[in-house]
Amino acid sequence: MKFGVVVFPGSNCDRDMFDALSQDMNQEVIMLWHKDRDLSMFAKEDCIILPGGFSYGDYLRCGAIARFSPLMQSVIDFAHQGGKVFGVCNGFQILCESHLLPGALLRNSHQKFVCKNVFLKDTDNNIFKIPVAHGEGRFYADEKTLDDLEDGGQVIFRYCDEKGQVTDASNPNGAIRNIAGICNVNRNVFGMMPHPERATSEVLGNTDGRKILKDLLMSEELANHLA
Amino acid sequence: MTYNVQVKVMPLKELLDPQGKAVMGGLDNLGLKGIEDVRVGKNISLQVNAGNEAEAKKLAEEATKKLLANPVMEYFEIAIN
Chain A
3 MKFGVVVFPG SNCDRDMFDA LSQDMNQEVI MLWHKDRDLS MFAKEDCIIL PGGFSYGDYL
63 RCGAIARFSP LMQSVIDFAH QGGKVFGVCN GFQILCESHL LPGALLRNSH QKFVCKNVFL
123 KDTDNNIFKI PVAHGEGRFY ADEKTLDDLE DGGQVIFRYC DEKGQVTDAS NPNGAIRNIA
183 GICNVNRNVF GMMPHPERAT SEVLGNTDGR KILKDLLMSE ELANHLA
Chain B
84 MTYNVQVKVM PLKELLDPQG KAVMGGLDNL GLKGIEDVRV GKNISLQVNA GNEAEAKKLA
144 EEATKKLLAN PVMEYFEIAI N
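Quick mapping for you: the protein sequence lines, in order, are chains A and B. Using our numbering, the first residue of the first sequence is number 3, and each one after it goes up by one. Using our numbering, the first residue of the second sequence is number 84, and each one after it goes up by one.
Think of the hints as simulated: they come from the structure by calculation, not from any bench. A couple of the hints might just be wrong.
The calculated lysine-lysine pairs, modelled on BS3-like cross-linking and capped at a C-alpha distance of 25 Å, are [what the hints assert, rightly or not]:
hint	chain 1	residue 1	chain 2	residue 2
1	B	149	A	37
2	A	114	B	149
3	B	125	A	114
4	B	125	A	37
5	B	149	A	146
Use the sequences and the hints to build the structure in full.
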């Protein structure tokens, strides 16, 4: 499989993602420019990544303008055809604005930008230490949408403490039900606020992000091969 | 004819508005009494070329629903002057 990383004006985690996947995880990665439209080099099992940053300066609302980039129209089609799409941080915001994922990311409840390591728990209760860096990461959706997400097993990550307890104190932004990441019903579109691509290198002292990228995006066969 | 359309976009009433809370803190520090709550939204001004007022409003509504406001977190009001 291969990966495409979309670069918007204002993206600033695109090279981190490229480096994590190509250098730390030995994957083929193609950088994509937001003004292009062509995704014909990607097959269904490939993955398009929307990186973190401040696309279009976060003007209007985070991700609102990026949604109308020429390439995003192709990314939306790619997702509707079953291709994998993964958004981190600003990428998650863009996916919500594009209606590929439900809900929205609001300004952090404590009014501050937060940049630190947090703990996350996946649906199998694996615990990860992953950095967050955002001012608008407070996931919100109405109760019905939240219940649908929970019933469908679409809440893929929750903020928790070191032991995996989901507590208010371990929630870095006031996200409803401690939600850090979700996927769509068809499980081919994923979004999360924390940055797994910043935790894939021994040199940086944290490789928890590798497992997240493997589990979410790669087939079992490829993940086993990498392990 | 060109219509001056004002779109007011506000955070949904049931949602916490941290920006409003921060401004409220500033007003408290100023010593101004009697202001009980602050919510911060935005006003977007559109110059719309349309045949009549109803058409101008309709176009502004479409722009607002598609891009200017996000109904998951915001509501809007449109006024034409």
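To see whether the hints hold, each was checked on the structure:
1. B:149 <-> A:37: holds (20 Å)
2. A:114 <-> B:149: violated (29 Å)
3. B:125 <-> A:114: holds (20 Å)
4. B:125 <-> A:37: violated (28 Å)
5. B:149 <-> A:146: holds (23 Å)
Of the numbered hints stated above, those contradicted by the structure are hints 2 and 4, listed in ascending order.
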